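Asks: Chains as they are written, first to last, in my numbering: chain A, 1 to 327; chain B, 1 to 335; chain C, 1 to 319.
Just so you know, these hints were derived from the structure itself, not from any lab.
Treat the hints loosely; a few may be bogus.
In silico SDA-like pairs for lysine to any residue, Cα to Cα no more than 20 angstroms straight-line [to be verified]: (1) K271(B) <-> P320(B); (2) K271(B) <-> S32(A); (3) K59(B) <-> G151(A); (4) K59(B) <-> R94(A); (5) K163(B) <-> A93(A); (6) K46(B) <-> A272(C); (7) K148(A) <-> K163(B); (8) K46(B) <-> L267(C); (9) K46(B) <-> Q277(C).
Have a look at the derived ranges for each label pair, beta carbon to beta carbon [what the hints assert, rightly or not]: (10) I296(A) <-> M300(C): 56 to 66 angstroms; (11) S13(C) <-> Q63(B): 26 to 36 angstroms; (12) T20(C) <-> T133(B): 25 to 35 angstroms; (13) S206(A) <-> T11(C): 42 to 52 angstroms.
All values reported here derive from a predicted model rather than from experimental measurement.
All residues carry an ideal CB built from backbone N, CA and C; glycine is no exception.
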Amino acid sequence: MIAARLNRAWIASLQRYSLIVMLLLIIALFASVSRPFFTVTNLDNVLSQAAATAIAAVGMTYVIIIAEIDISIGALMSLAMSVAWMVAVVPGARAGEAAAVNAWVYPVGLAAGLLLGLVNALLINSLRINALIATLATFFAFRGAALKMVGADDKAFLPSPVMFLGRTHLFGASLPVFVMIAVAAVGAVVLGRTPVGRYLYAIGGSQRSAVETGLPLGRMRLVAYGASGLCTAIAGLIIVGQVGTLQSGLGIGFEFTVITAVVVGGTSLLGGRGTIIGSILGAILLVVIDNGLNLINASVYIYDVVKGVILLIAVVIDVLLLRHVRE
Amino acid sequence: MIPGMHSRMLLAGATLLGGLALAGIPAHAADNKPGAGMHICISLDKVNASREGQIRLWKQAAQELGVPKVTIEVADEDAQRQSSQVETCLAQRVNGVIEIPWDDQAVLQDIRRARAAHIPLVGMDQAPADVGTIDYFSGSNPYADGLKLGEELVKLVGDKPTKVADIQGALDQYNGIERDKGFKAGIAGHPNIRIVADIPTDWHPEPALAGMENALEANPDLGAVFVASDGMLPPVWSALQKVGRYTKVGAPKHVIVLSIDGDPQGCAGVKSDYMDAGVAQPFAEMTYDTMKMVIEMAKTGKEPTGKDRVARIPGLMYTPANFSKASAGVWGCSE
Amino acid sequence: MLPVIVLVALTFSATLDGYTSVFNLQNIMQQLSVILIAVSGETLVLLICGIDLSVGAVIGFASVCGAYAMNLTGSASVGVLVCVAVGVGLGVLNGVGIAVFRLEPFIMTFGTLLIARAVGLLMTGGMSVGGLPKIVLDGGELNLLGVPLVFIIGLGITVLVGLMLSCTVFGQAIYLTGANPRAAAFSGVDVPRLTFRVYLIAGTLSGFAGFVFMMHLGDAEPTAGDPLLLQIIGAAVLGGTSLTGGEGGIARSASGALLITMLTTGLDIMGAQFWDQMIVIGVLIAVGSALGIWLSQRRMSESKADAGAIAGRDHEGAS
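Okay, chain A solo, but in the shape it has when bound (with noise of 0.2 angstroms):
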């Protein structure tokens, strides 16, 4: 009876940090073949290349705690950033040359992020829409309306402030590391220690006996949605700062990757359960894979199989620990 329950607890925590395990696991593989996978400069590398999946991936908990969805999240990543280069390049360049881009572009680009993720929200309340639906209207609008803005020429940076973000070091690491913990602890604040994080999860429980039972599903949309947006602001932001140029692909797919970490991370699509440091976990996993299959020099078309496997594997064992925990 004892040995059961001690069972029972064993498999319960299994099931909660079964994302570590793995994460350590594929991390001791590589380590085990790739010298220089295992540094301090690589810790950097990866946590910096997972910082923008990373925060864009917290948003993406919030819409998704409330069992919607939001695939707009590439189309709007390019968007937000196209009306931020608007307002915030210096004129004077040719179409295609590059040019400098000043600090206006933070707020325009978080406010433009966090303004068509209201719209999302807004979309789906006042038309009485599904949410992938809604956010697949959006998914075409967003980026016609981005190149119809700014037209398909590759926008380059001049050293400027639009850099800062994606290019500052301080104390050994990137900037974009700082704000993703930044963001994640925010984000972790608000979902576990507030109001609006239990609405959020009472929402994802059942959506309808939530409405009946007098929760803000409209108000709380407009947190999910304004926190995605706000958060692939951030993340367009990072991207832009890091890669040094806007170009026309900007977010193309960002949207599966994001979900992808997300639900990796542990958070249900039905709703109602999840946590933020899942999702940062989820991205860090999808980016060391990666940066191991590139520090060892694999073949380009693997990196997708071995996603969609891992992907698989970690849902399965996820579903499989959490029935043996519930009978």
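Keeping the supplied structure of chain A fixed, place chains B and C upon it in accordance with the hints.
Replies: Here is chains B and C on its own, set in the frame of chain A:
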């Protein structure tokens, strides 16, 4: 002045001959041009910086040749969409179609349909899988472009042992594959030059940044980087800055940078002495040739024969040393 | 949906030169063929409150496998068999994951998407596969009485699936399960088994759509599904098939596909930039599905009101 000027002048000669037939008729100046009254449809695989440059050059060519109406359709990386758009053009009975195919096999179907409709279709930039099936194709010579930069690297480093990062394009496209092959052929036979990282990017800057950072991590003594497209230069600069090696040509810690395209970033890189050599794609010639040829085929109903069916125009090498002379032929410098 | 389609058709044919030309109509029909087959399968999945994200990837992967098989054997029928077999295989994979292991459809089919697409890329090195037997290429170009063969195939399959859905016990069970799985189980539906079969059918249809894709474009592409996935889900949703199960049908999804295809062709003829087209399609998806929901709610409240009125009359009669 421009290397392609030569072929342009030849074509201008041909135009003159064609124009003679019209010379007797007094008419509005534009009507004397070969493309008067024509509607040309351009079907693109996608839009990006190169396509924007090409579109501008096509519009110039259309103006020079007197084409009043150019329609541009973009398939956004969707083969079915492109086939539909080409059919839409054919259904409108345009005078000719210029296509940059997304799918090098599916374009064969477009060629067949255009032929059935008796409307000329010419290809540009990305060749059909079987280039023998298209009436006219004008493209760069990606293998020769890569080869030139490989040979330039050999000249630059001599016998010095050099580790190289190879930032590749999309490996499912002829241009991406051939540029890479050419570069590798250029350094073959020089065991002191060794490629230590192959980084496929699908032409996107984010994987280029991650890959370059990882390459510098694994090889702190990296000596050179070959970049398959100028679109990936900004992330390369970024990664070099991170390790304090973003320096001018000739500085002690300088990493040799070689890149293909000749877009505004490549032009600026060479102009400012941060990049050692670039190869500019012959967009001006390619766009002019295709526009010219499709007009001619529409007029005469005859397609070019033999060797004239495929133009593989080699790119133009430009370096800090020859920049003042060469820059006029680099599309990213002059637009 | 029908009035919207008629309106769009009338507007375009009145204002656009060549919209109603035989050439353009044939083009629209050819574009529809692959989507019609795939959207039929997707509709069944949506009706039981599932989703199949792997539909496009299965099309691409099946086409690659089918193309290799045909190039090896030179036989088109082997190609059809291989395409369908690949579809069945991946359908079984999805079905087992969702019906037996009770994984969320979104994740399970997303995993299948990643793997099928990546294996296709590995097999081909990312290149498209050509050199197909002549009979396949000719079949793609063939018109019967002016109607493209690929469209006849696509429409035929759509009609078959539609009939199955509306005229069989299986079809009724699908609607019942989507509307209320517990009630369905209570009335004797084996829900896991039904779920498995629906994903199996969807996979099979996608596999076959891979073959029709080859007929239409003359080659196989491992990434063929990238643009198809959102087109297919967009068509179903725009037609009025709901993502929350139980509501919708084959005819509605097919009309959604028709509307999108008519629009993109029309906008192409107009010479609209593709970014403008994206904005139009985005707005259309949002407004169209909102309209669908509003109409169905009105219908429901009307029928409730009717029922109330009838009950009221009966009451009066009794008194």
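Asks: All hints, please: hold or fail.
Replies: Right, here's what the structure says about each hint:
no.	hint	result
1	K271(B) <-> P320(B)	holds, 6 angstroms
2	K271(B) <-> S32(A)	violated, 44 angstroms
3	K59(B) <-> G151(A)	holds, 16 angstroms
4	K59(B) <-> R94(A)	holds, 17 angstroms
5	K163(B) <-> A93(A)	violated, 36 angstroms
6	K46(B) <-> A272(C)	holds, 15 angstroms
7	K148(A) <-> K163(B)	violated, 43 angstroms
8	K46(B) <-> L267(C)	holds, 17 angstroms
9	K46(B) <-> Q277(C)	holds, 14 angstroms
10	I296(A) <-> M300(C): 56 to 66 angstroms	holds, 59 angstroms
11	S13(C) <-> Q63(B): 26 to 36 angstroms	holds, 33 angstroms
12	T20(C) <-> T133(B): 25 to 35 angstroms	holds, 32 angstroms
13	S206(A) <-> T11(C): 42 to 52 angstroms	holds, 44 angstroms
Of the numbered hints stated above, those contradicted by the structure are hints 2, 5 and 7, listed in ascending order.
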